[in-house]
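Top to bottom, those sequences are chains A and B.
First residue of the first sequence? That's 1 in this note's numbering, and the numbers climb one at a time after it.
First residue of the second sequence? That's 1 in this note's numbering, and the numbers climb one at a time after it.
For the record, the hints were derived by calculation from the structure and aren't laboratory data.
Be a bit skeptical, because a hint or two may be false.
Claimed, not checked - Calculated cross-link-like contacts (lysine to any residue; reagent style SDA-like; alpha-carbon spacing at most 20 Å):
id, chain 1, residue 1, chain 2, residue 2
1, B, K147, A, A412
2, A, K386, A, R256
3, B, K25, A, K284
4, B, K25, A, M185
5, A, K284, A, R256
6, B, K116, A, L391
7, A, K446, B, Q33
8, A, K383, B, V125
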Amino acid sequence: MVEILQNVGYGFQVALQPFNLMYCFIGVLIGTLVGVLPGLGPAAAIALLLPTTFKVSPVSATIMLAGIYYGAMYGGSTTSILVNIPGEAASVVTCLDGHQMALRGRAGPALGIAAFGSFIAGTFAVIALTFIGPFLSNIALKFGPPEYFSLMIVGITVLTYLSSGSMVKALLMAGVGLILSGVGMDTISGHYRFTFNIQSLLNGVEVVPVAMGLFGISEVLLNLETEIKREILATRIRNLFPTLKDWAKCIGSIVRGSILGFFLGILPGGGAVIASFASYAIEKKVSKHPEEFGKGAIQGVAGPEAANNAGAGGSFIPLLTLGIPANPVMAILLGALMIHGLQPGPLLMKDAPDLFWGTIVSMYIGNGMLLVLNLPLIPMWVKVLKVPYYLLYPLILLFCLIGAYSLSNSVADVIAMLIFGILGFLMKRFQYEGAPLILALVLGQKLETSLRRSLIMSHGDFSIFISRPISLGFLIIAALLLIIPIITQRRKLSALRE
Amino acid sequence: MEKADRASGLFWLVFSLFVSYESYKLGLGTLHQPGPGFLFFWTGVVTAILSLIIIVMSLRNRPPEETAGSDFGSWKVAKIVPVLISLFVYVLFMEWLGFLIVTLLLFIFLLGVIEKKRWWFAVLVSLLITTLTYMVFEVALQSQLPKGLLEFLRF
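Looking at chain A on its own, in the form it has when it is part of the complex:
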């Protein structure tokens, strides 16, 4: 306990350095902006701003990139409430009741409770992260290649299980991501794989251009097909501070949302999006007046907003302690840390305590900044929303082009991004999801090395994965996640036939 407090103190020393404070501020500001703007999510934003951090220390870079992620969770609620367009996926549910509240002249309290709920949940997640992080790091130190292999399998399976569309397609995308991770030199044998004598493939497929293409370019292409119509509420926003009655209604929702969001965030494959949907469902279930949901129930805003922020905080745990990203945003952050020469995992806390504790503590500060930033600046964010899409999309495209080029000052990265942009567009049109592909691409190399090392350890005996209890536990979870949808689908089919 004393050690943790000492570490937190050290984290404050790092995070309060003027330079880091500035990067934290820039991060949360850009994050809020990204959250406000539909068509640009945190994954694409982090990917395209990554090259701008090459000149600064890894600590400042991580503080800023993390700020973008949790900042986007705040910003996303503003557009959901005022325009009925979620700025990013984790704010989709906020539209349901948030916009209804706005239509009934209660935009102020809706925005207010979203900001306060987010602040409380965000702070809760950071405190929990402070205590659970070191504990998990210690457990993870005992992991060998078989445990890592099984854990990664769980991560990929959870993400495919939770995918909104067809699970078969999600699994297929995970397979494609895994195959893409094999391009380049095989680190064990030194052979080149799938390079077809193309110079730019020798170093493998980089995560960042792929993410920019799949989440940035493809989104713009998709929006070019459909005109985005934005009707911004003309009424003035008053009374941002929720009343005591509002607080009494919401406090339970915020607490439930925070706890649920945090634990769903930790789960590999989980994260803010799932957390917000789960929280809405629970709030509706526990409410004495479920019929009010969808018609402007303030709990329907407070719960999911708290959950998505706590989820964003929680998802840092598997990345910082196990080196396993829980979702695509964390996958890009992992790529970012690796570019900065760091290897996230159980040793990160010992090897780079300034990064580990500095980043965690910066989130306390960032959450405070967001509260201050969000409430008074709401009119400004509304103005940002008025930027017409014909100006916005060329700008997003330009930022993607600059971002991809700046990765290694090479045109090859830009071409890769454009190709994956087209692929991402087609995938969206054919209802394939990009998230499992990115996660498998990032984990691929580690997954393969763990598999091959495990098999070398066991002299080719696959039972090594089930003879070690932790590994067996992970594999059972993965198997259940694969079997459950098949059983439920069978039941549904037989019910339909009857």
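Based on these hints, arrange chain B on the given structure of chain A.
For chain B alone, coordinates are given in the frame of chain A:
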């Protein structure tokens, strides 16, 4: 959607078989000492099976709610194709012409031709955005954007 699923399933099936074939050529090794193609051969086999499932499912009649607007017929490519071509042209000439010139031309094209804004507006906004992004990325963040033809100006 069935048509689209059949086409995409077929694409991934061919892709998977190709990956498995290439991985087989790389060498599968033994279970004691897995080779460089081991994991990807089996991944290819699994993705091939998954693609087959998608094809088979698309051949059966699916419930109507899944057909929502994703068939080939509803595609509006009038804007997407020229935008994509302009992006590839941008990349092609990026290093030769330099960031300032290609960005200016790209914006004039997107605003003037694709979005059909008045020419003076397109030029003015393009000049403004090009200058601003150059100041932010090159001057402030030192991104080392290509200078191309304007190299001699050394700014």
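Now for the hints, and whether the structure bears them out:
Taking the CA atoms of K147 (chain B) and A412 (chain A), the gap is near 17 Å; set against the 20 Å cutoff, the hint holds. Only pairs whose Cα atoms come within 20 Å are accepted, and K386 (chain A) paired with R256 (chain A) is rejected, the gap being roughly 35 Å. Only pairs whose Cα atoms come within 20 Å are accepted, and K25 (chain B) paired with K284 (chain A) is rejected, the gap being roughly 56 Å. Distance check on the hinted pair: K25 (chain B) and M185 (chain A) sit about 15 Å apart at the alpha-carbon level, within 20 Å; holds.
A C-alpha spacing of about 12 Å is found between K284 (chain A) and R256 (chain A), which places the hinted pair at or below 20 Å, so the restraint holds. At most 20 Å may separate the alpha-carbon atoms for a hinted pair to count; K116 (chain B) and L391 (chain A) meet this at roughly 12 Å. Between K446 (chain A) and Q33 (chain B), the direct Cα distance comes to roughly 17 Å. Compliance with the 20 Å bound is thereby established for this hinted pair. Proximity of K383 (chain A) to V125 (chain B) is assessed by CA-CA distance (about 19 Å); at most 20 Å being required, the pair is judged to hold.
Checked against the numbered hints listed earlier, the structure breaks hints 2 and 3; every other hint is satisfied.
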